[in-house]
Every structure is written in C-alpha cells, then in structure tokens.
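Asker: The lines below spell out each chain.
2 protein chains.
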Amino acid sequence: MSIQNILHENYTVRSYEMDLRGKASVPTICNYLQESAGNHATKLGVSVLELFKKNQTWVLSRLHVKILKYPNWRETVTMETWPSVRQGRFAIRDFIIFNQESEPLIKASSSWMVLDLKTLRPITLPEEVTQINVPDKPRAIDTDFPKLSLPENAEPVNELGVRLGDLDINRHVNNVTYVEWALESLPISIWKKSELAELEISYRAETKYGERVIVHADHVADSYTHLISSAGDKRNLAVVKTLWRDIQHD
Amino acid sequence: MSIQNILHENYTVRSYEMDLRGKASVPTICNYLQESAGNHATKLGVSVLELFKKNQTWVLSRLHVKILKYPNWRETVTMETWPSVRQGRFAIRDFIIFNQESEPLIKASSSWMVLDLKTLRPITLPEEVTQINVPDKPRAIDTDFPKLSLPENAEPVNELGVRLGDLDINRHVNNVTYVEWALESLPISIWKKSELAELEISYRAETKYGERVIVHADHVADSYTHLISSAGDKRNLAVVKTLWRDIQHD
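Chain order of the listed sequences is L and P.
With our numbering applied, the first sequence corresponds to residues 1 to 250, in that order.
With our numbering applied, the second sequence corresponds to residues 1 to 250, in that order.
Errors might be hidden in some of the hints.
Just so you know, same-sequence chains aren't split out, so a pair can sit in one copy or run between any two.
In silico lysine-lysine, DSSO-like type, Cα no more than 27 Å apart, as pairs [said to hold, decoys possible]:
# : residue 1 : residue 2
1 : Lys193    : Lys208
2 : Lys192    : Lys53
3 : Lys192    : Lys107
These are computed hints drawn from the structure, not numbers from a lab.
Use the sequences and the hints to build the structure in full.
Answerer: Encoded structure:
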C-alpha cells in the first residue's frame, strides 16, 4: 500500500497578517508555506533539527508562488503540501492553498538543498530524504526552476539594515525577509493600484545581523526584477522576479 | 444570570514567530494579545469595524506585559482575555496566557480609548462599550497606568525608516512595531545573556509611511527607558520601559 505523504493544515488570517487592503500579505503567505514545509519535514523525520544532528541543514534555493486570489482577513484556508519530484541535488516541495469551497487560491513550488555545515557546500540528498514516498500527483507549478537573470538596468532604490526581528534561529536572515525587502523596493503607488500575481526568488547567499543590504529594481511593463546585494562586499544575496496585475474587486 | 465575558483562544508558536533562542518572540506575544483583543471586541459587538460606522475608532494608549516564562516553539498556549475595569475615558482589557498545565506564562493589561475620527480626539466611552458586562475577576496586572517619565539622558541609538510591512489596515504604523523598534535599540549582547521580563509602553502619537523615527535609550541597572520620536518634526511617538533578567535555562 502506498502512503500518500500529503500534509493538510488550516490557517486563519490574523489581524497582524493583513496587508493595506485587509487581505493576507505576501510575506504572510510565504510564512504559511515555510511553516507547513517545516511541519511536514518534521512528520517525515527530516526536520532541520534532525539534520543538525549530522551537521547538515536544509537550505531553500528557489521559491515560485502564484497568487490566484488573496485570502481575506479572518478567512480560514487549507494548506496542502507534499514532497514532489527530485531534480538532482534538489528536493522539490509543492503547495496549494485552498479556500473552504476547495477553490485553489495559491499555488507554489520550492526547491531545497541539503548543506554540509562543515564545508558549507550542498551535498547529495541523504537517504532519509530520497527514500520518502513522493505522492503520485501533478505538480502545483510545473517548473524546473530555470536560472533567473540579473536585472539589466537595476537602479539602487533602497538601502536597509538587518533588524533583529529579521533573524531566524540560526541567526541568519530568514527567507521571507528577502521577499519583504524586494517588495519594499517598489513605490507605494504600485500597492494602491495593483497586486502581486506571481513571485519567483532565487537565494544566492546568506546575510547576517549588522549587515546592510541594497535593493535594486528594474522594470519592464508589469514585471519587475529585484536584486538584493550586500552593501559591504557587494555579494548578490537574492534575485526576485515579480509580476503585478490590477486589483480585482470582488 | 451574569454572563462571564471571558475569551479563551489557543495559539501554537510557529517557526517564524520565534526569537533567536527558539522561544516565542516579544513581538509575537504582543501580536497574540492584539489578535485576541480584536477577536473578543468583535464577539462583543464593539470591533473597530463597528466603531468605523460611527466615525470612531479604538486607540491603544497603554500596554503593560509581564513575561514569567516564554512559550517554546510549537508549544500551544491558551490566551484568556476579558474587559476589566474602566478608568475614566479608558477601557481596560486584561490578559493571561497559560501553558497546557494551566501555569500562567504571561500577564498583561492594556488601556484603550475611543477616538472621534472627525476631531481626532478621544471621547467618552460610548454606551455599547460601557454596558459590556465586566467579569468579577482580579486584574491580571493591577495597574492604573501611571505616567511613564521620559528618559533623562537618552542617547539616540538608532534611526529607522517605516517599512510597508509595519503598516496596519489604517495605513498607520501598527502598535507592535513600536515594541520592535524599542527592542531593536538594544545591543545584540543584551539578547545573548538576558531576556525581557517586563515591558510598559505609552503611545503618544501616530506615524505613517515615509517617515523616519529615532530611537533613544537610557539605561539604569537592568532597566531601560526608550523614547521613539519622529526624525522630522521631533514629536514623541512612544515611551517604552523594559526590564531584563538573566536567561533562565530550564
């Protein structure tokens, strides 16, 4: 008998998780994805705490999110997530967020590597990961995460300091903060007339407390490319592509 | 028969709600308080959306939080909150957060005013608020919120820009952000050896997107006074008192 390794979890959008319009904010949606990924990895015996015991850790390499419709304040949504295909050294995890009428609101896919904490290099996926039963289920977003190209005429639009609240338990800046930084680089006028329809992020390097980052943005029609780099040593930390649409009033 | 107007709600600490130690962060604890206050006001028919209909809104004036013990990552805690005494134009709401063994972890009290949105001035509490049945129950923290004095030798320690993610649905900076700003003004060395035991905040004025704030801190023994002021017109936005203790390892 094949066990379907699919996790279902409910989230109710809280007041402090809203954006300016009273919908779940984009960072909140990314937080829900990250939370469910962690909870499912724990159930499957491959949590970050399990990997720490072998001097290994999970690293998020890529995230691709399509927001068909934003959950409202106080709306309860159901997260469905599962380990999907493997692509070489990358373990893929997919997500669909449904409303209570089973209508998909958000589709996402993420690509993860396992890092050796001694060499700080990615390793071949360990056996406890590769032996996990992958559900026989179509991808949420059918992508092999093609390389995101750097913005061509990126203007530096914002310089930000890492806040204490941006850090995770590893004392690195947490994945969702990069999304916030990219979105922060757009003028508030964008937020008043449009909403994020799609987001792709490629994580390149880590950053820590005390560092400052520069956010660049380049704009072609309704699509932006954002580059987040370290103000100090100019390392590229993340590349983000965002696609926007006019706000749809229900 | 007297109906006891007490709300009970559960919260499970999520991965993105942790501090550097893997416990619920102080802003997370404040978010839980704010969320439950809003949920209970809604059940009692005095939500901010109800007040908007009469061109009124709730304003948080004071918050006092005592953290006896921090909830752990993935721990489920139970929030108990109730409308407590009234103090003139102030409606007091108290909170106790319990662990699953019914041990109190956090005690808090908050003081709220109703603002007329035309005059932007506080008004006498409206009848739908004063007629709410106040449970016959001892206060969580027995305080009449004495005036917090300004720090005497406050050094400017940090200047911060308002982020989009700091805003609430009214496009004002949300209450918990001021707590983050105050905590952010302390050196990371404090966080490595000590934990916040108690926090008092007095909200003086609002701030909006596009503004910059200056955080000052003044230090006497294990107690800090923080002043948050507007970098532009030097208005005092909030005064915060924090008390710290050495980290207790379980």
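Asker: Does each hint hold? Answer for all of them.
Answerer: Results of checking the hints against the structure:
1. When the C-alpha separation of lysine 193 and lysine 208 is checked against a cutoff of 27 Å, the pair qualifies only between copies, where the shortest distance is 19 Å, while the shortest distance within a copy is 34 Å.
2. Taking the closest pair of Cα atoms, lysine 192 and lysine 53 come within 27 Å of each other only across two copies (23 Å); inside a single copy the shortest separation is 47 Å, beyond that limit.
3. When the C-alpha separation of lysine 192 and lysine 107 is checked against a cutoff of 27 Å, the pair qualifies only within one copy, where the shortest distance is 24 Å, while the shortest distance between copies is 39 Å.
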